[in-house]
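Spelled out, the chains give:
Protein chains: 6
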Amino acid sequence: MTTPYIRTSRPADALRPVRITPGFLPHADGSCLIEAGNTKVICTATIDEHLPPFLRGKDQGWVTAEYGMLPASTAGRMRREAAAGKQSGRTQEIQRLIGRSLRAVVDLSKLGERQILIDCDVIQADGGTRTASITGAFVALHMAVSKLLAAGMLIHNPIREAVAAVSAGVVGGVPLLDLDYPEDSGCDSDVNIVMTASGNIIEIQGTAEGAPFSRAELNALIELGHKGVAELVQHQQQALEAY
Amino acid sequence: MTTPYIRTSRPADALRPVRITPGFLPHADGSCLIEAGNTKVICTATIDEHLPPFLRGKDQGWVTAEYGMLPASTAGRMRREAAAGKQSGRTQEIQRLIGRSLRAVVDLSKLGERQILIDCDVIQADGGTRTASITGAFVALHMAVSKLLAAGMLIHNPIREAVAAVSAGVVGGVPLLDLDYPEDSGCDSDVNIVMTASGNIIEIQGTAEGAPFSRAELNALIELGHKGVAELVQHQQQALEAY
Amino acid sequence: MTTPYIRTSRPADALRPVRITPGFLPHADGSCLIEAGNTKVICTATIDEHLPPFLRGKDQGWVTAEYGMLPASTAGRMRREAAAGKQSGRTQEIQRLIGRSLRAVVDLSKLGERQILIDCDVIQADGGTRTASITGAFVALHMAVSKLLAAGMLIHNPIREAVAAVSAGVVGGVPLLDLDYPEDSGCDSDVNIVMTASGNIIEIQGTAEGAPFSRAELNALIELGHKGVAELVQHQQQALEAY
Amino acid sequence: MTTPYIRTSRPADALRPVRITPGFLPHADGSCLIEAGNTKVICTATIDEHLPPFLRGKDQGWVTAEYGMLPASTAGRMRREAAAGKQSGRTQEIQRLIGRSLRAVVDLSKLGERQILIDCDVIQADGGTRTASITGAFVALHMAVSKLLAAGMLIHNPIREAVAAVSAGVVGGVPLLDLDYPEDSGCDSDVNIVMTASGNIIEIQGTAEGAPFSRAELNALIELGHKGVAELVQHQQQALEAY
Amino acid sequence: MTTPYIRTSRPADALRPVRITPGFLPHADGSCLIEAGNTKVICTATIDEHLPPFLRGKDQGWVTAEYGMLPASTAGRMRREAAAGKQSGRTQEIQRLIGRSLRAVVDLSKLGERQILIDCDVIQADGGTRTASITGAFVALHMAVSKLLAAGMLIHNPIREAVAAVSAGVVGGVPLLDLDYPEDSGCDSDVNIVMTASGNIIEIQGTAEGAPFSRAELNALIELGHKGVAELVQHQQQALEAY
Amino acid sequence: MTTPYIRTSRPADALRPVRITPGFLPHADGSCLIEAGNTKVICTATIDEHLPPFLRGKDQGWVTAEYGMLPASTAGRMRREAAAGKQSGRTQEIQRLIGRSLRAVVDLSKLGERQILIDCDVIQADGGTRTASITGAFVALHMAVSKLLAAGMLIHNPIREAVAAVSAGVVGGVPLLDLDYPEDSGCDSDVNIVMTASGNIIEIQGTAEGAPFSRAELNALIELGHKGVAELVQHQQQALEAY
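From first to last, the protein sequence lines stand for chains L, X, U, D, E and W.
Using the UniProt record's numbering, the first residue of the first sequence is number 1, and each one after it goes up by one.
Using the UniProt record's numbering, the first residue of the second sequence is number 1, and each one after it goes up by one.
Using the UniProt record's numbering, the first residue of the third sequence is number 1, and each one after it goes up by one.
Using the UniProt record's numbering, the first residue of the fourth sequence is number 1, and each one after it goes up by one.
Using the UniProt record's numbering, the first residue of the fifth sequence is number 1, and each one after it goes up by one.
Using the UniProt record's numbering, the first residue of the sixth sequence is number 1, and each one after it goes up by one.
To be clear, the hints were calculated from the coordinates, so they are not data collected in a lab.
In this text, a Cβ means the ideal position worked out from N, Cα and C, and glycines have one as well.
Incorrect hints may appear among the rest.
Computed cross-link-like contacts, BS3-like style, restricted to lysine-lysine with a CA-CA straight-line distance of at most 30 Å [unchecked claim]: (1) K86/D / K86/W; (2) K86/L / K86/E; (3) K86/D / K86/E; (4) K58/W / K147/W; (5) K86/U / K58/W; (6) K86/U / K86/D; (7) K147/E / K86/X; (8) K227/X / K86/L; (9) K86/E / K58/L; (10) K86/U / K86/X; (11) K86/X / K58/U.
Short derived list, chain X residues pointing at chain U, Cβ under 7 Å [as the list claims (entries may be wrong)]: (12) P4; (13) G89; (14) T207; (15) P212; (16) E241.
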């Protein structure tokens, strides 16, 4: 792209419309549907009182995540991973990221010898599925932890603070917050930022899709991400309070 | 169960509340969300202009289906099949059944050398997921075929008539239509019936879960199924007309 | 087929010649070779004193089955499933059916905490391999149970009654018992019936291969199946008595 | 074993009773049941007019083999490889050996651009299944080639001479021909010998199961093998002539 | 860690000793052994004149990478991935990163319709294996491209500039360049930086292993990484000139 | 080949230059790099104090081996087995051979309830990788056992004597010791010989690659192998003494 990209749908530093519907799947211990524009992800948290063997006896718990996409969630149907017989490298990368991001805000030693299993299933994909998954997964995790606290199975809240995530990228030379799929496909560079409510970084992944980018560009993107995460944390709080 | 089971929520021969939302996933060529009580399935149809090699050159098309469940769709989270690396025998059985049921109402020779891929993904499970999948899949298939007809890619409609499916079972000695999960778990026998709008049988699968059952019982269950399918076909028509 | 099909080899309601050779594989705890016309299946039962973990501690036993076909059992060699690295959906469907059918006539609470593993391996295939497998598997199971009773490892016989299975189908408009492969390939509809010696239904699977079928046709096929199973049960008894 | 082993059933240099039943599986292009004592193997040959891609265009054919065992062929049921999802190292080793042994007596340039697929399925195992497989596989291969010659699809016979195989081993210090399972389990060393009708070696695999063995012992075992193969070649000829 | 960490072996902003041995594996089209302290990786590049089907006909080439570790490369032997039957999520993540990093400095439209396959195999692991792999892989890639240029198979050099990678992390509150394994295990945060010779960013991956980190810390780590990459690019040039 | 092959690089009965570098991988309990001409293999031994379940409680230990090749170790890059998702039949055959060969010189009852895991990874391949692996693996095994003895974890040395392996083959009618890859590809027959220091046979595998071979040829090859192993055992001793 040689001419600057003008985003007409919303300002360059604006999030897409966000909607978080808590309690979306009643069988789970925590759940929500998170919508970020046309991206829709079901996030659930399941409490499992049995740690896998390699984690037992360390006087701490665990949080782990799995990620998937419905075959028809994307334009041009994806192959079903269960039928293919394995999860793609991309899927594994994303679910590892979700798990790490959540564990960074949980004091595992306060969780007891149990694990919380997060599932993020993309119903509809329009860019930013991994960041929406993290933002929604935190809501599901929070609900599951609240359930444990309410039942007296936990005394102290193991969650230190909220975590949310968003993308930012340079498209046609312009730094933009929260890329949708067409923007993401045409961007020069792309950063996924996972941050805490207090504004610290948990994970940052920046990739030059086209030309390598300067540190100045990186800083502009981080600045946008910081703003976006702050707004997402408010959406999380409202959803949790409303539930 | 030695005392007769009394279903209090609805009459013995009544379906659970049915709701079909067509166009649920915009990326697919046909789609709906079907809700039968607390069972919720997303059904999509994707047109694929490339037949797999073993079906080419026969001057006909193909309809095939895949089925999956979100891990948190059930009470007590299921293992994710993509992570396990294979689809269970149950999953394969169900997706083969869905494909056969749809092909039975399609004149494949009128479909052209293309295939229609059906995906049925269970979001929430409360019994009867395979029959709801068939009923919803027909709606998605119909929408995809209508799209081909509207685009002039098909001249003659290959769909002969509608197909829908429902379960019936004997619980505590009482024949009941459309079992929910607790009824299904405690039933003596269980029949899944796939029927056409004109009342003919496409597939019938009856299983003695407890004691073997008599032909009289089988006939009572088929009678219930017949009634249920007739109602489901009306729901399908209303959904398709409303879209 | 528009002209009625005339079966010349035997009457429409006749089984193919049946031969059951008990004790066919001496290493197994029970075994037979069952021949139904040109269909030949080796069925064995192996007693395993160790239940799999998820079945332990429930004060009951288990019966399960596996099914396979020699690659050269069919015209036009099949791919070897062990080389392909997985069992097909059809194979899994059949072995699940065999297991369910046998468990329906066994009081698992009288079997002790052990399992009986059934293997059905098709040596030559000419239609009806799954029903012949069930009929032969019951003979092998009975022999294994008799061995446990003779050894004093069981006090009460856990087998309630015999089970056998047969197919029936409408070919060229004519209902026929026990289809061979050419009849099965050309049939309009096809029912597999698993019944007890006392004439009750354990499992019924009816499929419209061509046009959907009416309830009258279904009844005619069940009638034929009932007659066939009654004869097969006599063959089972003779084989067990002769051994 | 410190005391010499005395084989009472037959002389030290005698084969077990051999029986070869040609034409055992009618769907295959060549087949036999080979029995060597209590070891029983079904061997088939299937003509495939389509070479795999990596063998095409070289103006020659191919012969390849697969091997399997019925789960109940052994004392103490083996796990089914199709259910386990892979063939064991032992299975692969054996089927590679069978393929190499047959290719060594076939002029592949005279076979045309086609392959012959050999299947060896062990019905009952009592030692020597791989050598019986080779001996029987040659009979099946010969029948398939004769079919091609009779049909005018081959002009020149690509088979140079017969091949057969047998084991020999030192048990309790005594060299024995054609070990059965108990002898094989208790032997000091074990040689599998694949030889041509003209007495040349195609493959020899000698393994010290207990103590390493001297070259004198190896020579004694090869001598026995030579005698055994000569007799097996006669059994092959008789079977092929009788068919 | 509450007390500041003092690195005694080298300054906080110093790389470990680097040694690049070009031409290490003579069968490959480009290769080197790269040693960064006790981390040792064999990197090779293989020219493949056949693009995979999905990349053909786009008038451009491709660069892709695979990564592996010898089981004994780590303290406490790792499981062999070939024996486990799959590559771990970590392995896939790393090999995807290596491929993306190299493609970012290659003009694929100048590479012709061929691919260059990179293999990075870790012989000995002491932290930083993914960054050493990228740095070494560029050397192997450069050698393979030079071979194509020398042979006249390429007219224009598709490589735009060099790429190298290094880690930096905060340990005990102190920002350090190029972490070894003990430092990496105990660090608070960890950044992997992939940069061009001209100092632009291709990929940045920052992870809070302990506490979330501030933007100031991130900037300090990027500064260190910038310095490290500049030195690594010199090592690459010397190795390529010496060859 | 119709004219006799003249090996010009070294005498017909000479080994390629051998170099064994003990202690090559410091993380392992025993390790070496073995070079036989241009064939280079890293061999390691890892002590594992936990026997797999099926070997426990027998009052003995175990030695087992895994084998792999770097993709770029061969001319014309091999597919990576970890990416392919399984080990080839050839790989499994070789690693089973290495394990058997080592166990034949170890008194497992003197090893305690532990296992020693051998890894042989081919860095560069020019024929004879399996025999070089065995020769090098013995060095690694010896080092691991010495470590156990030095630590007082073993009282009696479980190693009875050294084992080494080499190939010999008939090329152009001439028997040659220690074939390199071009000789191996063009040979008439090929024998791999695994022998003890005392000159007894542990394993012999002879294969007619072209024409079947006579017993006289086999004897000539064994004679060469005997000479080669005796020299290799000296190289092993020197390497172990030098360490």
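Contradicted hints - numbers only:
5, 7, 8, 12 and 16
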